[in-house]
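A.B. asks: Residues per chain, in single letters:
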Amino acid sequence: MVDENRRTIAHLLRRAGFGAGPAEIDAASAAGYEATVNALLQPEIFDRPDEDILERFHSEHCDEESPRWVAIKWVFRMINSERPLEEKMALMWHGVFATGWAKVTNGQMMSRQYEMLRDHGLGDFRTLLEKLSRDPAMLYWLDQQTNHADAVNENYGRELLELFSMGRGNYNEDDVRSCARAFTGWTLTHVLPRYPTGYWPAEFVFNADDHDDGGKTFLGETGNFDGDDIIEIIVRQRAAGVFVASEIYKFFVADEPDEEAIGQIADSYFANNYDLREVMRFVFNSDFFKQSMFKRVKSPIEFIVGTVRLTGQYKEASQFGLARLPKLSGMMGQEILNPPTVEGWHTGREWIDSAFLVERVNYATQELTNSDAPGLADMASRVNDGRTSISTSDLMDICTSEFVHIDLDDETKKVITDELSTSGEVACGGNEIVEAITEILAFIGASKEYQMA
Amino acid sequence: MTTAQNEANGSKTKQPVLVVLQLSGGNDFMNTVVPYGDPFYYDFRKTVGVSEEEALHLDSRLGFHPAMGEIKSLYDAGDVAVIQGIGYPDPDRSHFRSMDIWHTAEPHDFSGEGWLGRVIRELDPGKKNVVTGVSFGAGLPRAMYLTGTPAISVSELESYGLLTSLSGEKQRRALNAFTRMYVPEEFEEGAMVMQHIGQIGTDALAGVDMLKTAPSQYSSDVVYGSDALSQSLRGIAQIHTSGLGTRVFYAQHGGYDVHGRQVQTQEKLWGEVSKAVDSFFADLREHNASEEVVMMVFSEFGRRVRDNGNGTDHGSGGGAFLIGDRVKGGLYGEYPSLDPAEQVSGDLRFNNDFRSMYSTVLDDWLNIQPDPIVNGHFEKFNGILNPLSS
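Residue numbers (our numbering), protein chains in the order written: chain A, 160 to 612; chain B, 1087 to 1476.
The set of hints was computed from the structure by calculation and includes no laboratory data.
Treat the hints with caution; some may be incorrect.
If the Cβ cut is set under 10 Å, some of the chain B residues that face chain A in the computed set are [what the hints assert, rightly or not]:
| # | residue |
| --- | --- |
| 1 | R1183 |
| 2 | T1235 |
| 3 | P1236 |
| 4 | T1250 |
| 5 | S1251 |
| 6 | E1255 |
| 7 | V1269 |
| 8 | V1294 |
| 9 | K1298 |
| 10 | A1368 |
Derived lysine to aspartate or glutamate pairs resembling DMTMM-like cross-links, with alpha carbons at most 20 Å apart [claimed, not checked]:
| # | chain 1 | residue 1 | chain 2 | residue 2 |
| --- | --- | --- | --- | --- |
| 11 | A | K262 | B | D1399 |
| 12 | A | K262 | B | D1178 |
| 13 | A | K262 | B | D1176 |
| 14 | B | K1256 | A | D531 |
| 15 | A | K262 | B | E1156 |
| 16 | B | K1256 | A | E591 |
| 17 | B | K1256 | A | D369 |
| 18 | A | K262 | B | E1192 |
| 19 | B | K1256 | A | E419 |
| 20 | A | K486 | B | E1242 |
| 21 | A | K290 | A | E362 |
| 22 | B | K1158 | B | E1353 |
| 23 | B | K1213 | A | D531 |
| 24 | B | K1256 | A | D577 |
| 25 | B | K1414 | B | D1145 |
| 26 | A | K454 | A | D426 |
Which chain B residues stay away from chain A? Per the calculated CB distances, all over 12 Å, these [stated by the list, open to error]:
| # | residue |
| --- | --- |
| 27 | T1099 |
| 28 | Y1127 |
| 29 | T1133 |
| 30 | S1137 |
| 31 | E1138 |
| 32 | E1139 |
| 33 | A1163 |
| 34 | E1199 |
| 35 | V1217 |
| 36 | L1261 |
| 37 | R1266 |
| 38 | S1365 |
| 39 | H1463 |
| 40 | G1469 |
Don't be surprised by glycine CBs; every beta carbon is placed ideally from N, CA and C.
Could you put the whole structure together from the sequences, leaning on the hints where they help?
C.D. replies: Here's what the structure looks like:
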């Protein structure tokens, strides 16, 4: 019998975190839904994972100058952080404020940007935009160092309005110009080339001599605005609330937008003075969220980390093979810290194309058939507990509703049952049950339904 | 057999095929096509220069790197066109950005659409053949990526497939299950995504099924090297000669970022390329399948004119090659001047836009209107390619 409470908790942990194995779902179910939401929203009560030790075991990869190393560390945090929501928020904002090391080519700057997104992604939106506008990787990505008082470069000013806060149709070209002028002189120290000295990260500097302090009209208001004034005006716009709400809806709720739900999230944004923590509390407790199970295609990194969290792998910093995970994500179409353009990744159904699907299915079946993985051993011991044997159909039910937490449609279930090498009773306690579980999990990992979160 | 397969097998209606070979890391053009006759060359290349005696002379001024013996023979046979001084305005010295520019044919705006993705869409608008585009290497290159257009990426043909971590009976059962699970569903409100996933899964499986037939149909007297590039080109020859109708292939060869140890590294890399390319064309000729294939070799940028004492740093103004039976060999464009007065802050000035080369291949080889693919109008190199129809 499907336990609705566990099912909803599993949904919450897939969305607000990166999924969970049965033991974590047991614990969260015992605590209850609201308590779990509250804990997710208070990351401060947990320590962040100790990751310095990663450098001891992955010395071949731990070049702090390399963006690949930043990605490896981030994936380790996604797998192991007891504060999964802050990692999830950082991932969402990384997709929105999409900055890529293709251009930045500096691991330390990319690392600082990611840490800024993690530190402020669940804070208030105004502070987040203020930090973003001082982030060296972002400033370099959008050419702020060439935005001068006497020669305005509109790149950052335009994208701030179009891609980072309001969206097209909510401002005109004069507003773009004023916005860009307000950010003149917001620049960064020189980015030194790698050779011969090694990379140095650039720092934000405000160069008052290069700032246009003249009068500006922006969204109908007039004054001698600087960047922070512009941000203060932006965050009060209805369009900014709808923008934030749409991004949250798309990332946490469903691929298909629902205007009514987005409107409610936007209302919550204003009612809570742009405090994203309270906005997320509203979302997780809403009916539309609880009813949105399996309405999102998993992004590649969610797909990989979610699978790893089922098998219980890479909990130890010493485990070999961690570096392979961000690489795999790239092969599935999502190279973390290197989005294809400033518009970020195309999400939803666009995650699935023939090359990417082959990678996803091959990866999932490989990971889920590794019978040495601690998560799979735990599943076997759960089945063995109090049983000498189990019917194949009962085992299927346990795998779908207690382990993977997935809704398979009747046809998929029938196909899996038909094609399994076991039928009838499976003996518990030995190798046979492990084989049966991994085979069922492999089929589930290869299914259409497993593509969805 | 499909029409495409018949066409690829039958001699009367061969379809033109493009093989793109990417040299990743920024190949040093000055040491690939060496201007040994230019005194400036030895002023700037004091430690990594190729001597006049070693260079494989093309004329009284230029010579190939000594590791390129096989390519030199192809050149002497008239099958290699060298495009000198290729690049684009405002060169970007980031590997990744510059590679993106070559992949998207879009130097100014960031774009997610690959130029070869657009080519595949033009060649097979009805998506009738899921293996119209096939890439060898880890993951699909951005050049071949276009939302909604299928393209297959293969790391190794012999082991390519779905559910490769399983074997024997288990794999067979899982493949059966996959085939049955990934059926495009009947249209149903709310099931659009599942329908899409089902369709993609069906395509992927079709691609896998088609490609895995290739090795068994193939036999050849040509012995390729064991290096990854040779194996990729061998895989391409297998697929091409199986007549699956693939029109665009992609292969990659890395390690060209020679900030140090340039002399040893280049020797090894170009030796591999030269032998692999030679084996590939020999193999195609053995199968009477060479005249419909043109290979384009490129790198994201060239390197600085002055060496750094052990290697060379990122520069601009590189070079590219077109190779094949129907290529009119020779030197195209002008070799960029090494005169310090002509350099652009220590780099070769590019003379030829890479989109001119793309346009040439598109118009004169693949019979595709170039402008929408390369985002603008670029002058072609006339006479490099002798179209199949003529």
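A.B. asks: Confirm or reject each hint.
C.D. replies: Now for the hints, and whether the structure bears them out:
| no. | hint | verdict |
| --- | --- | --- |
| 1 | R1183 | holds, 5 Å |
| 2 | T1235 | holds, 8 Å |
| 3 | P1236 | holds, 5 Å |
| 4 | T1250 | holds, 6 Å |
| 5 | S1251 | holds, 4 Å |
| 6 | E1255 | holds, 7 Å |
| 7 | V1269 | holds, 8 Å |
| 8 | V1294 | holds, 7 Å |
| 9 | K1298 | violated, 12 Å |
| 10 | A1368 | violated, 30 Å |
| 11 | K262(A) x D1399(B) | holds, 17 Å |
| 12 | K262(A) x D1178(B) | holds, 9 Å |
| 13 | K262(A) x D1176(B) | holds, 14 Å |
| 14 | K1256(B) x D531(A) | holds, 18 Å |
| 15 | K262(A) x E1156(B) | violated, 37 Å |
| 16 | K1256(B) x E591(A) | holds, 14 Å |
| 17 | K1256(B) x D369(A) | violated, 68 Å |
| 18 | K262(A) x E1192(B) | holds, 15 Å |
| 19 | K1256(B) x E419(A) | violated, 47 Å |
| 20 | K486(A) x E1242(B) | holds, 17 Å |
| 21 | K290(A) x E362(A) | holds, 13 Å |
| 22 | K1158(B) x E1353(B) | holds, 15 Å |
| 23 | K1213(B) x D531(A) | violated, 42 Å |
| 24 | K1256(B) x D577(A) | holds, 13 Å |
| 25 | K1414(B) x D1145(B) | holds, 17 Å |
| 26 | K454(A) x D426(A) | violated, 23 Å |
| 27 | T1099 | holds, 27 Å |
| 28 | Y1127 | holds, 22 Å |
| 29 | T1133 | holds, 15 Å |
| 30 | S1137 | holds, 26 Å |
| 31 | E1138 | holds, 29 Å |
| 32 | E1139 | holds, 31 Å |
| 33 | A1163 | holds, 36 Å |
| 34 | E1199 | violated, 9 Å |
| 35 | V1217 | violated, 10 Å |
| 36 | L1261 | violated, 9 Å |
| 37 | R1266 | violated, 4 Å |
| 38 | S1365 | holds, 27 Å |
| 39 | H1463 | holds, 24 Å |
| 40 | G1469 | holds, 36 Å |
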